[in-house]
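Heads up: the protein sequence lines correspond to chains A and B, in order. Mapping the first sequence onto this note's numbering, position 31 (from 1) lands on 31, and the numbers just tick up by one. Mapping the second sequence onto this note's numbering, position 339 (from 1) lands on 1339, and the numbers just tick up by one.
Just so you know, these hints were derived from the structure itself, not from any lab. Among the hints, a few may not be true.
[Stated by the list, open to error] Computed footprint of chain A on chain B, listed as stretches where at least three residues anywhere in the stretch have a Cβ under 8 Å from a Cβ of chain A:
#, region
1, 1186 to 1199
2, 1331 to 1340
3, 1484 to 1491
[Stated by the list, open to error] Think about it this way: if two alpha-carbon atoms lie no more than 25 Å apart in a straight line, the pair counts; the simulated BS3-like pairs of lysine-lysine are:
#, chain 1, residue 1, chain 2, residue 2
4, B, K1427, B, K1452
5, B, K1442, B, K1452
6, B, K1027, A, K158
7, B, K1427, B, K1445
8, B, K1445, A, K158
9, B, K1164, B, K1295
Since this is a predicted model, take the numbers as computed values, not measurements. We put the CB at the ideal spot given by N, CA and C, even for glycine.
Take a look at the letters that make up each chain.
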Amino acid sequence: MRIFLSLVVLAVIAVGIGKTLMEIPFGEDTTNVGGYYIQSGRDDTGAANIVTSVVVGYRAFDTLGEVTVLFVAAVGLGAVLAVGSASGRRRDVEPASLVLYTGCRFLFPLILLFGAYIFIHGHLTPGGGFQGGAIVASAFLLVYLGCRGRRIRHGWSKATESLGGLVFVGLGLLGLTAAGHFFLSNYLPKGTVNHLFSAGIIPIIYVAIGFKVGAELAGVIDDLVEESE
Amino acid sequence: MIHNDLIPLMVGVPLAGAFLNALLGRKLKGVPDLLGILCTMGTLFLGFVMLRLVNAHHVLLFEVGNWPPPIGIAMVVDGLTVFMLLTVNLIAFLVVLYSTNYMSRYTQKWQFYSLFMLMLAGMNGVIVTGDIFNLFVYLEIAAVASYALVAFGTERQELEAAFKYAVMGSLGSMFVLLGVVWMYAHTSTLNMADMAMVLRDGGSGEIVLLASVLFLVGFGLKAALVPFHAWLPDAHPSAPAPISAMLSGVLIKALGVYAICRLFYSVFGITWELSTILLTLGTVSMCVGVLLALKQWDMKRLLAYSSISQVGYIMIGIGIGTPLGILAALFHLFNHSVFKSLLFLGSGAVEYATGTRDLRKMGGLARRMPLTAGTSMAGSMSLAGIPPFAGFWSKLLIVVAAVQAGLYGYAIIAIVASILTLAYVMKMMRYGFLGNLPERLKGIKDVPAMMKLSMSLLALICIAGGLLLLPQVRELFLTDASKTFKAGTELAFRIMSEVR
């Protein structure tokens, strides 16, 4: 009976939503803000990648928020998981085979390099701080899976994480002190579009985000591995 | 209307504080306490500066990154914003004072302060933003930080409560996000002022109705209105006492009540149907909350149910919608923030000294902890609406506003609920602080100095809060805030014409 009732309620809601969504015109161009970004994004921010010009330029304040959400999640996870595990305890695990071990050690720096490339070129090519950071973290995940017993040092990753956040907030607040500028405004010279050193503070912010996200996700992996042992 | 550079500091200061804390607080012992006090003091001071500016100029505007809205994100501070900012940051400051002593029982103090300041940054962000997606982002920061803080004790019961809270809270956030998506599809803008203009010119279709429902459910979940309240009685008591005080005192109001007011008054424009829905939800919350609170024996759980009931009062005032009703609702919002934080801090002090929250295992604590008992008594009297405590005046105004608007039924229900409130308050006082002291508790001592200081200040505000209604003070603080409601979508027009 309860299932039947919930199905009926669901059906009513689905019909209502379906009917309403028919109202949205399909295929027509109704964007005005989006259109502006596509037309002027390159000239306004100096970033060749339009997604970056929106994420770290026009709506940088949202990005600051998103970086913070990730930070909150990492700190929160640390706070909840830290109690159960007595740190420093190291279990003897069976070492991985030589092939796997060597493979991981070989790939680790390459993946780091690739991740760094992605976030350093965030304003030029697809990708950016979040994507690059995730790739960096995947390198650490590989080490955790392949070379068991190896650990990143906790203090180091946490310090990187906070420094990344501080650089972002600090760069934003620095804009307030320079005359004629604003919070999170792009006060450095924009340079030539498509060059590595262009787009003002955008690449600096993206590098900071890359480090931060990489260290954060690696820290989360470390916390979870510690808990599961 | 003027442009103002101080607004982003409301978010930037606690955010920078949280990051710095994570960097330095791990090693250096005194840093977390110091940073916490400095940051909250700073934001409180900024709040007062902005109050002065708003009194002179009415609306402050800030364009992040110097992009004019709707292209970039705008921050808007008007009377209601500054009212909420002061309430939130005042409570945050007093709660941090209390935490300096209380949290020394826990390890990892820096994590607590980091999360606390991130929650504060999230709430300030929600309050000052003029952009609907930005509102969602900062709502998530405050919400995710509060999930972690509820679980901070990491006992079984706390983890369970936090999990329930996280699931329900994420559901609420998803509703809000879906609403934002559909509003963006309909109006193709995210700036609230611009959105209000588009809705006014282009008319509102069914999709706006659908988005309104989503926002009502999403923010209703955050505000713990009945029937969306199920997470609150678990989550609020499980958190450490300072966090319970923040959650019940300001979080449900900043994320729930404020967001509902902002969207439905300043963006969608209030209608008769919406007011009726708010009135109904408010009345149901008020009655259900008070009835469930009556039978609780856990001190903090009783207070948590009481929060549901008191938010109901606020919603009734807002639903009435007359200038007096709005004024009364805002005044009650402020009062509830103060006395509910005070009571949660008091219950934390009792737990600190006795190790229990069960009213049946207490008694006679007034003799051993005179200051805690005295301040809790002041908070309780304000909660129950005994003259001359602040809570009396706000409840009286709500009832008067209901009568003036011809809503006699609501007025009578509010009075009955108020009498029942007195009943559960008496229960808490009788079993907790009066009566005979059990043998087991003979040796307890009152709490450390900072906790006492924080509770005394809150109690003072409870006693003197009625003075906010004096004409000169009211003009500065409450009247400006209630003008936001009167202006409605007119505010959007003023902002957009300023920008263009």
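- Message: For a quick check of understanding: which of the numbered hints are violated here, in increasing order?
- Response: 2, 3 and 8
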